[in-house]
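Fit chain B to the given chain A structure using the hints.
Taken in order, these protein sequences are the chains called A and B. Residue numbering for the first sequence follows this note's numbering, beginning at 1 and increasing consecutively. Residue numbering for the second sequence follows this note's numbering, beginning at 1 and increasing consecutively.
I should point out that these hints are in silico values taken from the structure, not numbers from a laboratory. Please note that a few of the clues may not be correct.
[Unchecked claim] As a list, the in silico BS3-like pairs of lysine-lysine whose alpha-carbon atoms are at most 25 Å apart:
{"hint": "1", "chain 1": "B", "residue 1": "Lys57", "chain 2": "A", "residue 2": "Lys104"}
{"hint": "2", "chain 1": "A", "residue 1": "Lys26", "chain 2": "A", "residue 2": "Lys70"}
{"hint": "3", "chain 1": "B", "residue 1": "Lys9", "chain 2": "B", "residue 2": "Lys57"}
{"hint": "4", "chain 1": "B", "residue 1": "Lys71", "chain 2": "A", "residue 2": "Lys104"}
{"hint": "5", "chain 1": "A", "residue 1": "Lys70", "chain 2": "A", "residue 2": "Lys56"}
{"hint": "6", "chain 1": "A", "residue 1": "Lys26", "chain 2": "A", "residue 2": "Lys69"}
{"hint": "7", "chain 1": "A", "residue 1": "Lys70", "chain 2": "A", "residue 2": "Lys104"}
{"hint": "8", "chain 1": "B", "residue 1": "Lys71", "chain 2": "B", "residue 2": "Lys57"}
{"hint": "9", "chain 1": "B", "residue 1": "Lys57", "chain 2": "A", "residue 2": "Lys26"}
Note that the structure is a prediction, hence the values are computed from the model and not measured.
Spelled out from the first residue to the last, the chains are:
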Amino acid sequence: SQQGEEDPQALSIQEGENATMNCSYKTSINNLQWYRQNSGRGLVHLILIRSNEREKHSGRLRVTLDTSKKSSSLLITASRAADTASYFCATVSGGSNYKLTFGKGTLLTVNP
Amino acid sequence: NAGVTQTPKFQVLKTGQSMTLQCAQDMNHNSMYWYRQDPGMGLRLIYYSASEGTTDKGEVPNGYNVSRLNKREFSLRLESAAPSQTSVYFCASSASGGAYGSSYEQYFGPGTRLTVT
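So that you can see chain A by itself, here it is in the shape it has in the complex (with noise of 0.2 Å):
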């Protein structure tokens, strides 16, 4: 069953703007992760959070995790055209510290 839930499901805005997309999961974590997947694509990792950290950046991408809501919000400063693709967030619970359990993704375009 899936742990977490993205929303908006699609988003789309314009080159330059910021981008919001949020995580909801249901059980406790130890971290949580954000990928992103081009179309035809694998995905790729984008930042790791765990579960006593409430913030982390990495260049244009800030992550926060709020485990009393459970929930996360990926924000993706000064969009490109590039950044257009799918974004999973993904949990790592309990003791299957290998597991990753996957939402079902925002698609995000970006207009130039």
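Quick look at chain B alone, frame taken from chain A:
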């Protein structure tokens, strides 16, 4: 480094045929995984291998078998393909999960697009 490689890239099977999807990684990772991706369903774990010599079922193992041939290679076999197995299959690998609370990113292959008619 090639990372994670998968063969074949595309495959069409008839119902009842069998085939093996191959996966190899050159990053010396302990853990390897097989996922399937269907429209609107995200990725679902079929089988995984936490370390060489071990395999475990994931969320949707029915109709599949796996072999962890060595540390580098992890194959997925469909013994008798069914139309419900039409999907895109991804292999992934990661460093060992290690102690509780530590976990590592997964590296994905380019995928195999399988159609069963």
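Practice task
Assess, step by step, whether the Cα of Lys70 (chain A) is no farther than 25 Å from the Cα of Lys56 (chain A), and give holds or violated.
Solution key: 16 Å, holds
Problem - Proposed proximity, Lys104 (chain A) with Lys57 (chain B) (alpha carbon, max 25 Å) - result: Within the cut-off at roughly 21 Å; holds.
Practice task
Sort out whether Lys57 (chain B) lies within 25 Å of Lys71 (chain B), counting only the CA atoms.
Solution key: 18 Å, holds
Practice task
Given the hint that Lys26 (chain A) pairs with Lys69 (chain A), test it: the Cα-Cα distance must not exceed 25 Å.
Solution key: Cα-Cα ~10 Å, so holds.
Practice task
Given the hint that Lys70 (chain A) pairs with Lys104 (chain A), test it: the Cα-Cα distance must not exceed 25 Å.
Solution key: Holds - the C-alpha atoms of Lys104 (chain A) and Lys70 (chain A) are around 17 Å apart, at most 25 Å.
Handout entry: Restraint check for Lys57 (chain B) with Lys26 (chain A), where alpha carbons must lie at most 25 Å apart
Key = 22 Å, holds
Practice task
Take the C-alpha atoms of Lys71 (chain B) and Lys104 (chain A), compute the straight-line distance between them, and say whether it is at most 25 Å.
Solution key: Status violated; Cα separation ~30 Å.
Practice task
Could you grab the alpha-carbon distance between Lys9 (chain B) and Lys57 (chain B) and see if it respects the 25 Å cut-off?
Solution key: Given pair Lys9 (chain B), Lys57 (chain B) holds - Cα atoms ~24 Å apart, limit 25 Å.
Exercise for the section: Quickly compare the C-alpha distance for Lys26 (chain A) and Lys70 (chain A) to 25 Å and report which way the hint goes. Expected result: At roughly 7 Å apart (the allowed maximum being 25 Å), Lys70 (chain A) and Lys26 (chain A) satisfy the hint.
Of the hints listed earlier, the one the structure fails to meet is number 4.
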